[in-house]
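With the hints as constraints, model all of the structure from the sequences given.
Listed below, chain by chain, are the residues.
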Amino acid sequence: MVVRVKWSAFKQGRWYEYVLRVVLGGLATSLAGGVANVFGPEAGGLFLAFPAIFCASATLIEKHERERKQELGLSGYRRGTDAAALDAAGAGLGSIGLAAFGLGVWLLAPTLAFGSLALGAAGWLLASVLLWRLRREARIVK
Amino acid sequence: MEYLIRFLAGGIVVSAFAMLGDALRPKSFAGLFGAAPSVALATLSLALWKEGADYVSIEGRSMILGALALAGYSLLVCQLLMRARWSALAATTTAILPWLAIALGSKQLFLG
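Each protein sequence line maps, in turn, to chains A and U.
Position 111 of the first sequence, counting from 1, maps to 111 under the working numbering, and the rest follow consecutively.
Position 59 of the second sequence, counting from 1, maps to 59 under the working numbering, and the rest follow consecutively.
I should point out that these hints are in silico values taken from the structure, not numbers from a laboratory.
Backbone N, C-alpha and C fix where the C-beta goes; we use that ideal spot for every residue, glycine too.
Fair warning: there could be bad hints in the mix.
To be verified - Facing chain A, according to a computed beta carbon distance under 10 Å, are these residues of chain U, among others:
hint, residue
1, LEU8
2, LEU20
3, GLY21
4, ALA40
5, ALA67
6, TRP86
Said to hold, decoys possible - To list a few chain A residues with every Cβ distance to chain U over 12 Å, as calculated:
hint, residue
7, ALA9
8, GLU42
9, LYS69
10, LEU72
So, in structure tokens, the structure goes:
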């Protein structure tokens, strides 16, 4: 299956869902900064991978899938949780990529400064996509 | 003022990654964006500007442990949804406690 963009997904979102994400994203970033200010950068760094946003994303995915099925007269509960579980499985692979981002920043920040963030982000994308691809291949072979 | 800038930068970057994740298919691929370095990019950019590169490097090192805890968190959420059939809200909020335990425990173990 090829990765594609589904533009109609934007129509499913409601304005307050976008506001919720901005607020949660802002709060998570403030939390990470606040922890670093109070307890130091070692503790603050942990909270750069705090799953606050994931709670909102998974809940919205579940809700959208359930609503789609309910429009067809079905309960949609199972479909909703399945969709959220798939998202969680993807996030698990993305987390390994996130560790690659942290590794890049740790090793490169003293010499490259802002360049380490760009290279770290590229490392996140590369590691995540590679792991996702490997998992797919392994499932097909199985 | 610092926290307002932090809040706005974080909100915008996180929303951009989340919207990208919304639009991508298949869903397992879109899920990768649930663990995008969105909070990290906003926070570390501000920290580089304000605190310097060595401070950011220390945060990056701890972030590796936070990210591994996030992998455990995602696995747990997946199991709670698929096997126990919990709702997404219940699964994702309950699993925050194990995330905290793994993240803080591994920091204590490896970094002191």
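Exercise. So which of the earlier hints does this model not fit?
Worked result: Hint check: 7, 8 fail, others pass.
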